[in-house]
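Protein chains in written order, with the working numbering: chain L, 1 to 389; chain Z, 1 to 389.
Just so you know, these hints were derived from the structure itself, not from any lab.
The C-beta atom is built at its ideal place from N, Cα and C for all residues, glycine as well.
One or more hints might be untrue.
[Stated by the list, open to error] With the Cβ distance kept under 7 Å, some of the chain L side facing chain Z (calculated, not the full set): (1) Glu73; (2) Leu80; (3) Met89; (4) Ala90; (5) Lys132; (6) Val185; (7) Ala203; (8) Asp204; (9) Glu208; (10) Tyr228; (11) Leu256; (12) Thr340.
There are 2 protein chains.
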Amino acid sequence: MTIEVDYRFPAGVDPHKQAKIIAIGQTVGTWDARFAHREAALQSHLGEVISVQTEAQTDYSIATIRFPKTNVENDIASLLTMIFGKYSMAGAAKIVEVRLPQSYGRLPKLGITGIRERLGVFERPLVMAIFKPALGLSAGDHAAILAEVAYAGLDIIKDDEILGDLDIAPTLERLQECRKVIEEVKQKTGRTILYAVNVTGRADKLLEKARLLVRQGANALLVNVLSYGFSVLEALAADPEINVPIFAHPALAGALCAAPDYGMAYSVVLGTLMAHAGADAVLYPAHYGSLPFDSVEEGKIRDILRSRSVFPVPSAGIHPGIVPKALADYGQDVILNAGTGIMDHPDGAAAGVQAFFEALERVGGGESFALDILPLGPLRRAVEKWGSD
Amino acid sequence: MTIEVDYRFPAGVDPHKQAKIIAIGQTVGTWDARFAHREAALQSHLGEVISVQTEAQTDYSIATIRFPKTNVENDIASLLTMIFGKYSMAGAAKIVEVRLPQSYGRLPKLGITGIRERLGVFERPLVMAIFKPALGLSAGDHAAILAEVAYAGLDIIKDDEILGDLDIAPTLERLQECRKVIEEVKQKTGRTILYAVNVTGRADKLLEKARLLVRQGANALLVNVLSYGFSVLEALAADPEINVPIFAHPALAGALCAAPDYGMAYSVVLGTLMAHAGADAVLYPAHYGSLPFDSVEEGKIRDILRSRSVFPVPSAGIHPGIVPKALADYGQDVILNAGTGIMDHPDGAAAGVQAFFEALERVGGGESFALDILPLGPLRRAVEKWGSD
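Turn these sequences into a full structure, and let the hints guide you.
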């Protein structure tokens with residue numbers, strides 16, 4: 001199978017000309033009579049313009065280019081270099097879709113099924129929290145917060161993506177302190193809590209640290225894939241020692257995806273590329289959250305991730321009041337990831353978690369979230385603060 | 001010293017509001033009375049709005065935010081997550097300048113001086129070629145091309161960035177075939193030719209392969225830094241076994257930098273970040289080349305790279321006719337990097353190299369490039385084909 005890429009051009013760009021530039025310039029690059037004897041070999045590497053279509057209403061055009069799979073190394077980095085390496089600097093063009101063979105790259109080691117098995121939770125959305133404040137807490141503070149939310153029923157917690165391996169709370173210390181809580185919760189309640197530890201550092205150190213963390217009991221990892229590189233995610237995903245789910249964070253995605261006429265669509269970067277790079281779960285902004293995000297792109301990300309059994313994690317500004325909307329959009333196979341939506345609950349983080357479970361039950365029972373009907377308790381307090389959708 | 005970042009906002013965005021969102025949201029993230037006892041620790045991690053200025057003519061605003069160095073890990077990835085991680089998804093904003101402490105990150109192992117020492121060439125611009133066609137040649141074809149250009153006086157050659165470790169010309173085979181030529185040239189002429197081999201693969205394999213290539217005699221490496229990740233460049237730069245210059249390729253830079261109001265300026269990504277990540281030489285589009293590029297950004301990249309002794313390599317559409325302009329802009333400390341501008345010379349690649357040296361001499365002698373004055377020979381033929389600036 002081949003690789004197909006849709007490039008979208010704004011009005012004023014000649015899409016036929018650009019399509020040819022891409023098909024040749026991003027593959028064989030040039031042609032010289034000296035290499036006539038190798039014409040067959042060159043031809044087999046050449047890109048091909050499949051179609052060029054202009055939308056009458058918007059004057060946007062989409063050119064579809066087919067690339068030979070033999071030009072790339074079955075990974076994301078070589079794919080990016082081929083489909084957008086030099087051409088990304090050539091003018092206004094946005095990659096809006098990338099169609100890869102199913103076998104391209106890798107599938108998650110664990111994905112939706114594996115994460116559910118680790119947690120022993122099969123029939124409801126998972127509830128995930130983020131340690132807040134992002135910076136300034138000690139390892140002990142992290143453990144204290146974890147104890148609060150874990151006993152309240154939380155499934156997963158993650159570091160804030162900004163928190164690296166800093167003196168104030170070194171990564172290994174955070175893990176060690178939080179592990180004690182996780183083990184205690186397991187003993188007392190039988191429940192497993194996953195803690196996605198943020199793994200950072202230059203590539204060699206990051207891979208080493210990830211292995212060390214897993215040996216020391218880390219049961220999930222968080223990676224800022226776009227800051228560190230897809231090649232780092234792929235290395236972690238390929239490593240048999242890293243037998244824990246990898247949560248991919250979208251930090252920096254806007255630099256690649258937010259511009260209307262440049263870069264790549266969010267659904268390409270946070271959907272297709274993440275899903276073929278081995279992520280087990282991918283975080284991305286929800287359109288009803290605190291970041292401006294398009295619901296169509298969000299839906300594409302969800303569907304692309306699920307098509308490869310990767311857990312979708314809509315994030316940013318998630319609070320208990322949006323649960324009805326989230327369940328309508330996602331059904332059960334979703335991780336509801338809340339930072340301040342849990343940590344800044346007026347009655348504390350435990351109440352934040354309880355509010356989510358109360359919300360899940362209420363949606364299950366088909367009950368309204370109207371303030372005048374909501375019973376006293378964590379959900380009502382959350383809706384009073386953040387509203388409902 | 002601290003880290004300062006300039007964010008530029010288009011008209012319609014409230015720069016004061018956004019500046020505060022960045023200063024808090026990209027550091028401590030939130031604030032809760034429960035952590036009052038840790039207020040000092042939180043404060044020490046908080047970003048600070050230094051200034052917000054609006055340009056009357058354009059209505060663009062620039063907000064300068066100062067970040068504590070203690071929030072990051074002295075590398076590029078953690079820096080990116082901090083300065084633009086989540087915020088990149090928040091709306092129209094472009095990072096136009098990043099000011100780092102001199103000590104932040106790393107300096108090149110070799111840089112301008114080291115590369116010149118390896119070549120034994122101290123007082124003129126270096127001339128660099130790119131293997132073309134990019135795909136479809138065998139390892140033997142590469143060696144044959146190298147022999148042509150090497151005896152014509154070339155200093156450096158590099159793989160096309162698109163050419164990975166492919167069956168048709170595996171990386172190690174290309175190196176082995178080209179090394180024979182390099183050794184023969186050394187024996188016969190005493191001259192050193194650097195061959196920047198494109199090193200690819202997922203992070204762990206790439207680092208392994210780079211060490212293998214160097215053990216097998218590679219005397220330079222090429223890395224698509226933005227496809228693979230800054231963390232990979234940093235790992236290579238930190239590795240004592242990688243005692244050869246690393247050439248950083250700008251593939252994919254447009255996806256991060258080309259949009260007017262999103263992402264990061266080219267001078268940030270290809271200048272500041274590359275120069276603090278350990279690259280020895282950095283390629284980027286020249287404004288008189290084949291890609292649309294701003295001369296001011298190009299000048300900034302040049303100056304930022306040189307300030308850390310990194311070799312500037314203006315590229316894309318470079319041909320002998322632009323040498324007068326390039327020398328006026330760059331003086332001697334520049335690598336003139338030509339792909340088709342050498343390989344597609346009407347009289348062949350060797351003539352392409354000769355044309356560059358003829359051009360350098362002519363500029364040295366203050367002579368005109370006007371076609372009616374140019375003597376018969378490689379330079380004249382090049383100017384007939386590509387013109388002059």
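Hint by hint, here is what the structure shows:
1. Look at Glu73(L): its Cβ gets to within about 5 Å of chain Z, closer than 7 Å, so that hint holds up.
2. Evaluation of the Leu80(L) hint against chain Z yields a held restraint, the C-beta minimum of about 5 Å falling below 7 Å.
3. The beta carbon of Met89(L) comes within 4 Å of a beta carbon in chain Z, closer than 7 Å, and the hint placing it at the interface holds.
4. Annotation: Ala90(L) was flagged as interfacial toward chain Z, and the flag holds, the nearest CB pair being 6 Å apart, inside 7 Å.
5. Residue-level restraint check for Lys132(L) holds (minimum Cβ-Cβ distance to chain Z is 5 Å; threshold 7 Å).
6. Against a cut-off of 7 Å between C-beta atoms, the interface hint on Val185(L) is violated, since the closest Cβ of chain Z lies about 21 Å away.
7. The beta carbon of Ala203(L) comes within 4 Å of a beta carbon in chain Z, closer than 7 Å, and the hint placing it at the interface holds.
8. Evaluation of the Asp204(L) hint against chain Z yields a held restraint, the C-beta minimum of about 4 Å falling below 7 Å.
9. For Glu208(L), the interface hint is violated, the least distance from its beta-carbon to any beta-carbon of chain Z being 10 Å, above 7 Å.
10. The criterion of a C-beta within 7 Å of any C-beta in chain Z is met by Tyr228(L), whose closest approach is roughly 5 Å, and the hint holds.
11. The interface hint given for Leu256(L) is met, as the beta carbon of that residue sits about 5 Å from the closest beta carbon of chain Z, less than 7 Å.
12. A distance limit of 7 Å between C-beta atoms decides the matter here; for Thr340(L) the minimum to chain Z is near 5 Å, and the interface restraint holds.
Checked against the numbered hints above, the structure breaks hints 6, 9 and satisfies the rest.
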